[in-house]
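Line order of the protein sequences matches chains A and B.
Okay, so the first sequence: first residue is -14 according to this note's numbering, each after it adds one.
Okay, so the second sequence: first residue is 123 according to this note's numbering, each after it adds one.
No lab work stands behind these hints: they were computed from the structure.
Computed from a prediction, not measured in an experiment: that's the story for all the values here.
Ideal placement from N, C-alpha and C gives every residue a C-beta, glycine not left out.
Among the hints, erroneous ones may be present.
Just a sample of chain A residues kept apart from chain B, beta carbon distances all over 10 angstroms, derived [unchecked claim]: (1) Thr0; (2) Ile28; (3) Arg32; (4) Gln48; (5) Gln82; (6) Ala85; (7) Ser107; (8) Ala121.
Stretches of chain A that chain B covers, calculated by requiring three or more beta carbons in the stretch to come under 8 angstroms of a beta carbon on chain B [as the list claims (entries may be wrong)]: (9) 2 to 9; (10) 140 to 149.
Now for the letters of each chain:
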Amino acid sequence: MQSLILGAATGGINTGDILFQLVSFIILLVLLRKYAWGPLMGIMKERQSHINSEIDAAEQSRQEAKTYLETQVEELKKAREEAKAIIDNAKKQGEAQGEAIIKASRDEAERVKEAALAEIASEKEKAVATLRQEVAALSVKIASKVIAKELDESSQEKLINEYLQEVGESR
Amino acid sequence: MEHGAVTKDFLGLTFNLSNVLMITVSSVIVFLIAVLATRALSMRPGGMQNFLEWVVDFVKGIIGSTMDWHTGGRFLALGLTLIMYIFVANMLGLPFAVVVDHNLWWKSPTADPTITLTLAVMVVALSHYYGVRMKGFKEYGAEFFKPMKFLFPLKIIEEFANTLTLGLRLYGNIFAGEMLLALLAGLGTSGIFQGVFALLPMMVWQGFSIFVGAIQAFIFTMLTMVYLAHKVSHDH
């Protein structure tokens, strides 16, 4: 049962050792593949894909942020332009309105002046017409009086004076 | 420094009980390390998981240097188990050896040519198996006649030489290391003066043996992948 040997080198072939080594190694391989390497590979692969997806997500959000920034800048520019346009518009409108008001008041003043002048002229005409009528009536009256009675020179003068006085009073 | 070994015949097979014990111990240690390290897996690795992931990357590097990953990915579990098993087996004989009644019980299992040659034959057989399976028998057979037909005998010899060198290199390195350790230990225990004298070379040689054990585990795995790549790759 025992053999004296150098170290562990055996006389004859240890067929059992060969078989035992082979079987135990295969069992170890199978067990480790199932309980150690499998889960370890799984978690390493998972981490890899996690990192991959994280990088992708970061890249995507960076892209999104860039797009947002661009639109924001564009919007801001547009808003500025719009505000400028509104202010300009308002200025222009104000100026136009002011001018219109001034023009309207000028026209109004002109119109009022003209109306006043026209009224003055018509009043004057009316007055002249009335005077004429009265002078005519007076003349007729004087003439009829002169014709109706023969008068001496003095009494005629007296009469004329009387009438003239009358005219003066009636004025 | 001659030690015996307890052998037992069982079912017509001869078992060296010391080898059986040490193979079991190595397998259990490797299994415990690997399984305990992968119990609390997390996306942010720490401690043992980090170490094991480093080993995985290391073996991936070995495979990647010999064949493309599409072909070599399937050998990752084999490479991982090989490198850890051989490394642990190499380390077992370093701190101490247990001798009971002149029979050596505790030692590196890889300090026995039977064990290393078994592993080597297994690797070479696997390389032939995968060669036939992945390239087809015709292309696999044609490899033996390339680049010249008359090289066929050399190719056959090469297969046996590969097997022998793969197994005996590992055995030789580890056995020599243990032998010298045993001699130093024998010297150290023979007297006070010898003990002091042996302490320094003992420490140096143990440190060197750790280095050799790690290197041999790496070389064995590397050559395994080289032989596999040689058989399964199309590009030569």
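Taking each numbered hint in turn, which are not upheld by the structure, reported in ascending numerical order?
Numbers 1, 2, 3, 10, in rising order.
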